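Protein chains: 2
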Amino acid sequence: MQLKNDLILRTIRGEQTERTPVWLMRQAGRILPEYRAVRDRLSSFIELVKTPERAAEVTIQPVDLLGVDAAIIFSDILVVPEAMGLPYEMVENKGPFFPETIRSEADFRRLKVADISDDLAYTPEAIKLVKRELEGRVPVIGFAGAPWTIFAYMVEGTGSKTFSKARALLYNQPAMAHRLLQMITDSTIAYLKAQIQAGADLVQVFDSWAGILPEEHFDNFSLRYIAQICEAIHEAPITVFAKGAFASLQAMRYLPCETIGLDWNMNIQVSRKVLGSSKTLQGNLDPAALYADFKEIEKNTKAMLDAFGPYQHIANLGHGVYPDTDADKVRCFVDTVKEYSMRMRES
Amino acid sequence: MQLKNDLILRTIRGEQTERTPVWLMRQAGRILPEYRAVRDRLSSFIELVKTPERAAEVTIQPVDLLGVDAAIIFSDILVVPEAMGLPYEMVENKGPFFPETIRSEADFRRLKVADISDDLAYTPEAIKLVKRELEGRVPVIGFAGAPWTIFAYMVEGTGSKTFSKARALLYNQPAMAHRLLQMITDSTIAYLKAQIQAGADLVQVFDSWAGILPEEHFDNFSLRYIAQICEAIHEAPITVFAKGAFASLQAMRYLPCETIGLDWNMNIQVSRKVLGSSKTLQGNLDPAALYADFKEIEKNTKAMLDAFGPYQHIANLGHGVYPDTDADKVRCFVDTVKEYSMRMRES
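Top to bottom, those sequences are chains A and B.
Residues in the first sequence are numbered from 1 upward in steps of one, following this note's numbering.
Residues in the second sequence are numbered from 1 upward in steps of one, following this note's numbering.
Please keep in mind that the hints were generated in silico from the structure rather than gathered at the bench.
Accuracy of the hints is not assured; some may be wrong.
Stated by the list, open to error - Just a few of them, taken from the derived set where beta-carbon distance is under 10 Å, the chain B residues facing chain A:
| id | residue |
| --- | --- |
| 1 | D40 |
| 2 | T162 |
| 3 | A166 |
| 4 | R167 |
| 5 | L213 |
| 6 | A288 |
| 7 | L290 |
Predicted model, so just to flag it, every value in this text is computed and none were measured.
For each residue, glycine too, the CB sits at the ideal point set by N, CA and C.
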């Protein structure tokens, strides 16, 4: 089906567009009362992720309610380790918890490369439903966690400020770490391909914990696996968002991906210069900026748009929208991007 | 009293020294069984901080047990907000918790600029004891949190991955935020001066949460108050450690401080270039590197020393030592710095 709004895809191809496209990381989620209504009817977050009809429903909500230029499939990065043999729970107000973790060679007996059609069919299934219901209104974004971030949870077992157990393994058992990262990478490539096959128009890889690795470790244990993913995915454009990977921006210039996501601490001009003109950039308003009043949000959004310039930019926040953000503030951000970026092209 | 080991002070003055000095952030603490023995005899972490004899005892332990070139006074950055009128608890395995927080103008009625001699006398008192007992063996480091980091805890009330409530205030009530930051700054200057008066040979300001601020906010709400502190402290050299402040390294070049601490994600060569030759640099081995075997620790420590070069460098980790680190691994790090940095000067 022909897309009616393909602004994001044209922007990624480097075309001059009539305005800057906009969406938000975590746009399908707790910021919308309509999401909470769906969620409350199910027993858990993970049940919502695994129920294609409901996942599709909340995926489409922000297109209707916020006016964004893309729908990102409602899911969770940790479905991949689960499909590899390591189940987890999502503890309310605390985050993910893995009862079993990977710390030694013996723990590998639990693991396999994920079989998508067996263990992860619900996400492609939800994407198919979204595509059908959207009728080409906006593109659909598929996604997965980057291998290092998935590894960090599989070893640590929970979120952590330091992920010191996961990072210890990189120093102590690098060969084992590479083996696990390769299994995650193989699973992730298959998972992303299945999402594209089901209809995802582009995909994004989230390296949420890139910023805790020293430069050499990021290059060796994270970036090389992200590069493998980028090299394997030819079917759709790919966006890489490596939060906090300041020191390695230069290296990311050579990633075979179309788009690089910037977090809200990254200087836009410096990043543009370091990453070169062949990449589209995505981001990067501070999520906390949406706590301000409407006038201030407009001002900061315009300043961000000016810094990126009109082309090769997909407007977004510099991280996922915070769950207690007022939906009207999100709409103000979206509307400001649409109106102001159109005016930028007239002047 | 004349210092017998003034390597750190000579390094800070830019002198050519016989070897690179070394100490570790959080060296006095849970890594040492001798610390845990003292701590277990007291009812709480905060009681230990407030008991000068015991605080002095654990301050000196790493000088004897690890062979470091400085003693950093055992204390906590959150004693300053407590002295300003906002008491806190340290919850085991969870971190600090403030029952009352600062979110509105009305909350200011709780607050005052800290009166050091009334409310914070225990730290200078402990420093006096340390100085007396050390008999000049090594210099003593005093410290305080940077105003933004203290502000973040006073507003948020606990540690947080996003400090979204504290950051919301910067967008919503910037005038109030500046007023609170100024009160913290005034308290901190008085506190650092009292520590120097009591005998601290140098002081360090820790901006642990610098890295979650967008560049303009770091410059406006953090760096300008750190600059005020640096300008006010003439009595001893000052080190600024702003974790994650990548985007603002350039601005930190112009801080009137002698030393800049680098975290483990900061590229040493880039930082040296950006910060210029007038600053001494401190850091920055990944704390997780001390989980490796001895050979690997030696290798990584030598690589770090090579990257910094022999002079204007104080060897340290890039963040506080992780509490579950083996003390023998810490000794390996310290010994490697001492031996290898001496050899670096021979070649």
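We went through each hint and held it up to the structure:
no.: 1; hint: D40; in the structure: violated, 23 Å
no.: 2; hint: T162; in the structure: holds, 7 Å
no.: 3; hint: A166; in the structure: holds, 9 Å
no.: 4; hint: R167; in the structure: holds, 4 Å
no.: 5; hint: L213; in the structure: holds, 7 Å
no.: 6; hint: A288; in the structure: holds, 4 Å
no.: 7; hint: L290; in the structure: holds, 9 Å
Figure legend: structure checked against the earlier numbered hints; the only hint not met is number 1.
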